[in-house]
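2 protein chains.
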Amino acid sequence: MTPNPTAHNASVLSSQALLDHWQGHRKLTRRVIEAFPEDKLFHFTIGSMRPFSEMVKEFLKMTEPIAAGVATGKWASFADFDSVTTKAELLRLWDDATEKLNAIWPTIPAHRFAEVDKAFGQWEGSGISIILYGIDNEIHHRGQAYVYLRALGIEPPPFWVR
Amino acid sequence: MTPNPTAHNASVLSSQALLDHWQGHRKLTRRVIEAFPEDKLFHFTIGSMRPFSEMVKEFLKMTEPIAAGVATGKWASFADFDSVTTKAELLRLWDDATEKLNAIWPTIPAHRFAEVDKAFGQWEGSGISIILYGIDNEIHHRGQAYVYLRALGIEPPPFWVR
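Residue numbers (our numbering), protein chains in the order written: chain A, 52 to 213; chain B, 52 to 213.
None of these hints come from the bench; they were simulated from the model.
Any given hint might turn out to be false.
A pair counts as met if it fits within one copy or between any two copies, since identical chains are not told apart.
[To be verified] Lysine-lysine pairs mimicking DSSO-like chemistry, simulated, CA-CA at most 30 Å apart:
id : residue 1 : residue 2
1  : 151       : 125
2  : 169       : 138
3  : 78        : 112
4  : 91        : 125
5  : 169       : 78
6  : 108       : 78
7  : 169       : 91
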């Protein structure tokens, strides 16, 4: 194998492919929400961790605000989802965020993916690093929900289907 | 906000940034391995899942072979790590894979990230989708290890430090 000295600058991912990747993960997360019985979604925990509903609210607090923040440089304060107590409501908010993410995404100026900003006035990083953090955070906590489901004797949806 | 019709093709991630992203996640996974008491690493489970050591062996079976496969189009059969029974051995293999990933990465021809291949003769996708699958799989199962640690009363390393 011969090293290719130009490859480190090579583009490996386009804006559209990243959106598809994120929405693919979000589809899987939606199936994981659906797999929980409603009471377990809001109350089941292991080792003093949060119930999965609280993690899902965290995803919702990040998804649309991150896309909007990278698009505009304006970082909305986190919405408050404390009053959400049903699976149907959570899924409705999820689908709403799906549409908003699709609508905001094409408005992100190309240079904003590399530009460094301070997300929510607190976390400094490039637009792409902030977006990847949001996706990774969702994968991380959704993985924890798989353990909750297994502990409950429920087969989780396959990880590789998006 | 005005849609920018060119943005969907915009590059959002370079080859070097993706390697840094992966290695950052791998550093965190190494800290999670270290956080486990040795017997728990190899034996503790919840809900009939695998112990974390088995998930780590899966990461090792994917990391170097994925990089090499995307680089060359040759997909090595999975190595067998069945004989590995100590944390020290697992960490040594981890560090070895870190160096190999760094060495292989610059040899990936730029066009291979977009080119569709059949990983390990089985999973069809672009080079980038195969690499992202490997990273996402690591985040997913490492998140499960966080539940194991919490259930054991052990504070896991912070997710946001890479």
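Exercise. Among the hints numbered above, which are violated by the structure, and what are their numbers in rising order?
Worked result: Hints 2, 4 and 7 not satisfied by this model.
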